[in-house]
Structures are given as C-alpha cells and as structure tokens.
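Residues per chain, in single letters:
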Amino acid sequence: MTQHQQTLRISTTGKSLCKITSQVQAVVVQSGVRVGLCSLFLRHTSASLVIQENADPDVLKDLENFFAKLVPEWENYIHSTEGADDMPAHIRTVLTQTSEQIPVANGRLQLGVWQGIYLWEHRQRGSSRELVVHIMGES
Amino acid sequence: MTQHQQTLRISTTGKSLCKITSQVQAVVVQSGVRVGLCSLFLRHTSASLVIQENADPDVLKDLENFFAKLVPEWENYIHSTEGADDMPAHIRTVLTQTSEQIPVANGRLQLGVWQGIYLWEHRQRGSSRELVVHIMGES
Amino acid sequence: MTQHQQTLRISTTGKSLCKITSQVQAVVVQSGVRVGLCSLFLRHTSASLVIQENADPDVLKDLENFFAKLVPEWENYIHSTEGADDMPAHIRTVLTQTSEQIPVANGRLQLGVWQGIYLWEHRQRGSSRELVVHIMGES
Chain A
1 MTQHQQTLRI STTGKSLCKI TSQVQAVVVQ SGVRVGLCSL FLRHTSASLV IQENADPDVL
61 KDLENFFAKL VPEWENYIHS TEGADDMPAH IRTVLTQTSE QIPVANGRLQ LGVWQGIYLW
121 EHRQRGSSRE LVVHIMGES
Chain B
1 MTQHQQTLRI STTGKSLCKI TSQVQAVVVQ SGVRVGLCSL FLRHTSASLV IQENADPDVL
61 KDLENFFAKL VPEWENYIHS TEGADDMPAH IRTVLTQTSE QIPVANGRLQ LGVWQGIYLW
121 EHRQRGSSRE LVVHIMGES
Chain C
1 MTQHQQTLRI STTGKSLCKI TSQVQAVVVQ SGVRVGLCSL FLRHTSASLV IQENADPDVL
61 KDLENFFAKL VPEWENYIHS TEGADDMPAH IRTVLTQTSE QIPVANGRLQ LGVWQGIYLW
121 EHRQRGSSRE LVVHIMGES
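Residue numbers (my numbering), protein chains in the order written: chain A, 1 to 139; chain B, 1 to 139; chain C, 1 to 139.
Just to be clear, a hint being listed does not mean it is correct.
Where chains are identical, the list cannot tell them apart; a pair therefore holds if satisfied intra-copy or between any two copies.
[What the hints assert, rightly or not] Below, simulated DSS-like cross-link-like pairs (lysine-lysine); rule was C-alpha separation at most 27 angstroms, straight line: (1) LYS69 to LYS15; (2) LYS61 to LYS15; (3) LYS19 to LYS61.
Hints are computed from structural coordinates only; laboratory data are not their basis. This structure is a prediction, so every number in the text was calculated from the model and none was measured.
Between the sequences and the hints, there should be enough to build the whole structure, so can you do that?
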C-alpha cells in the first residue's frame, strides 16, 4: 500500500458548479495507484463538492435554482456582515459535501457512466479554492 | 495493510430505502480485514446512501414523505425529458450521500446499535444499482 | 502504511453544534501519523457531523435556526413515540453527515483556515455520543 497527497487550486466563477473530474483523474494517474481509494477534501465553508449527472447541463441549472429557493439570500440571518450570500453559502455547504471518496480500479476513478465530480461555488463572486486529493492503494 | 474491492449489485423497488447492512458486512468478512475502514460508493446520480435508524420502519416512511415534500415532482424543472421524478431524484441524491465510510473492528462494521446502511432509490421505478465496497486495513 | 482507531465520547447539550476539532487533532498526534487520512464516524442517527466556519458563533445560530424551520418539530410524523424532536433529528442527520474524511499532513489535520469540525446534537436533550476516529497513513 502506498499513498499520494496533492492540493489542486481551482478557480471558480460565482454560484456555479465547476466540473473537476478530469483534474482529479490526472492526480490519480500521477499517483501511480492502480487499485485504491481517492479521497477529496475541500478546504472551504462556502463551497462544496457534489457528484452529479455529467450529461445534461440543465441538471446543473435546476440544482442552482432549487438551492437558491431552499436557502434564500434575503432571510433574516444573524451572520450578515460578510454579505447577503455568505450565510446561505454556509448552509448550502452543510447540505452538500465537504469530502467525497471514490474507488480507483485499473488506474481510473470508478465513477458511474453518468457521474461527474463538481466543485460547487456558493458565493456570488468566484475565487480560488483548494482541494486536497489523497489517494491510497496499490500501484 | 491490505485492501479488498468488490462491486455489489442491488435490486431496488421504486422510491424506497433498501437496507444493505448485511450485504456490506458479508463483504467485510470476505475481505478478511479485522481492523480498518470500509468505504462505500454508489455509482449513480438518482439513488443515494444514508445511515439511519434500523428499528422502526415508520422512520423510513417519514423520510420518504419529508423528501417528497421538500423536493416536489411537479416543480417547473428545466431538465424534464427523463420524467417528472428524474430531476427530484438528482436533488435528493445531492442532499444525501454518494459515499459513506464505516470503521471496522474485530471484523465487524462499527455501526451504532440503531444504525443501518440504506440504499435509497429516488426514481419511481426500481432498477439494478452498483455499489462499490472498498475495504482497507489489517487482517 | 499504518493505522490507528480510537473512540471518543463526547458530551453534548441539546440542539447545538459542539466544536470537536481539538479532540480530533489530539488523536492524530497520538496516532503518530504524519501524512495520511483521518476518517470520522458518528455512531448515532439523531446527531451528525459538519465541517463549518470556526470564527463567528452567529453562523452556528443561523444553522440551528435554518434547520429548525426546514425540519419543523410539529409536522405530522408517523414515528412520534420517542418525542416530537426525534423524527426531525433523524431527518437533520440525513441532510448532514455521519462520516467525514480529512487529510493529514505534517501531523496536522489539513483543515482550511476557517474550518472547524462540529458534532451537531439534534435532540432536545444532550447525551453522550460516540465518535470513531480512524487514521491511516505514514508516520
């Protein structure tokens, strides 16, 4: 068993799902691991991870619309000094994922045919986000 | 340290929580791992994983009812070509889990007394779902 | 590669987020692992884990308020024998996390600057909760 840890920096645009499947797969290749587990950890509290449909971009729009309605910006939040979108961004993060684990076989992420990995930016403005990729397994 | 990776196929019925604790425990036994970590990954975007109460089946009905109300089928979704239940199924998946990790000790999943592992089918029709079980640890 | 598994008992007060970052970091130190992955698993179905902002306590109040509104206690739940707060506690657990994974480097959890680890008690009364910490990596 061996392990490989690497941090990716990902630039996001505001309130949108950014597909990162290929960047993560590239780290799996660099790790040399053929069979194992790839663990993802996002070092932020106002952006999150989801694994979702990679085909129809309308799914991403519906996700964005659903969460905008579920966690409205203009609620009466106590924590409001960092902007109207900040507390909703924290709640949206809590409702989705900060870490994900994906098995690896034959040197490839064992995602289903329709699965893509997404970094979901929940703030109105984009920024640079840090994702730690940790891979354990056998080469 | 050793590892064991195996894919289970699980037949679901529509919109229901299917208990899979014993199937996962059986893979732990086959792996020979006594102390370690069992990682589960569901290869789908319209079904998900939850760890929940294994005693009163009414809890599962209430979960189903709550999610049916939280993510209504007849909203005005853009992604609608695959049926009225498809986009809600994606949203319900995002709100729950695609991967779970459970520690193993003495060759057994270290679930709490009341915890069961469930595969949650979010589509109206059941289907065959693939769950990757990846176990790392010492035998 | 080595591993270390340890169970922490954490006393909670009712319906609140309890910061556990330092207890988890202490287990990482005890494990002797310098680079690896720290996996957390909560052995309960009415309390959960979240990784959230560690600075402004108002964020925690807003999270509590949001979930109180999203999952009301006085809905008509079928499962009601264990109190009005029990079924909402199960739903709140499903909407958040039972397991989390955090990478370790230089013997420290690789949390972002603003990230803290929280155990979220969803019942009205506090209790003693069991958290399994499983660390894999190299010393």
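Going through the hints against the structure:
1. In this homomeric assembly, LYS69 and LYS15 come within 27 angstroms of each other (Cα to Cα) both inside a single copy, at 13 angstroms, and across copies, at 24 angstroms.
2. With identical chains, the CA atoms of LYS61 and LYS15 are at most 27 angstroms apart both within one copy (10 angstroms) and between copies (24 angstroms).
3. Taking identical chains as interchangeable, the C-alpha atoms of LYS19 and LYS61 lie at most 27 angstroms apart only when both belong to the same chain, with a minimum of 13 angstroms there against 32 angstroms between chains.
In summary, this structure violates none of the numbered hints.
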